[in-house]
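**Student:** Sequence:
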Amino acid sequence: MGTLCEYPTARADRCSEEVTIETPQPDHVAVLETVFGTAIVGVLQQKVISITFQDSLDNETLSTQRETMLRQNHPENRTAVSALLDRVHHLLNNPHLVTPDVEDIITLHGTAFQQRIYNELLTIKPGSRHTYTDLTLRLGLPTTSTRAVATACGSNPIAILVPCHRIIRSDGSLAGYRWGLERKRDILQREDDMMVWKG
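The working numbering numbers the first residue of the sequence shown as 1 and each following residue consecutively.
A few of these clues could be false.
Pairwise CB distance ranges, derived in the manner of DEER restraints [to be verified]:
no., residue 1, residue 2, range
1, Thr144, Leu174, 22 to 28 Å
2, Leu181, Val31, 19 to 25 Å
3, Gln189, Thr144, 31 to 37 Å
4, Gln46, Leu137, 22 to 28 Å
5, Asp186, Lys125, 15 to 21 Å
6, Glu33, Leu137, 25 to 31 Å
7, Arg87, Arg138, 23 to 29 Å
8, Gly127, Leu181, 25 to 31 Å
9, Arg147, Thr99, 25 to 31 Å
10, Gln46, Arg129, 16 to 22 Å
If you are wondering where the hints come from, they were derived from the structure by calculation, not from laboratory data. All C-beta atoms in this analysis are idealised placements derived from N, C-alpha and C, irrespective of residue type, glycine included.
The task is simple: from the sequences and hints, build the whole structure.
**Tutor:** Structure follows, in structure tokens:
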């Protein structure tokens, strides 16, 4: 597939200098049908580096993905990541099971500042909600950094497994979501429903 997700320019650790991180190229691409839509999963060296949703991608990116999928269409390649993709598929359909344990199947890419935020997102428990200000304070940053933290959340390349969907605005509204606000609402609702069912 080529690039599944472009990592936008973001602030560095001190939120004072803009840097650009080149997106790594996955060596395997999979299309998974989930309850939230068609997910495109990028894998590099047996680790997930990106999960996005097909309806959020432009035609050029989709074309690049198809070319990569044709190149990788070999039984050995499919077998190598089948167990990983089975686990990813299960987690995408059951976001209430997404806990810090997923860090063993993902590789985070981005600026040092972005990766710091992504790692903190991994610690947020299923069924919980935190505001961007909460997240900023958890990171030990001043509240003046909240906008930079929100921007980094919006650059998250791994949908659901890095649970930026659990971050909301201070007024309780959902805020934005790079894969669609309605999808964010659906993910949170399913997560809540499954947590209640789990009891």
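**Student:** List, from low to high, the hint numbers that the structure doesn't satisfy.
**Tutor:** 4, 6, 8, 10
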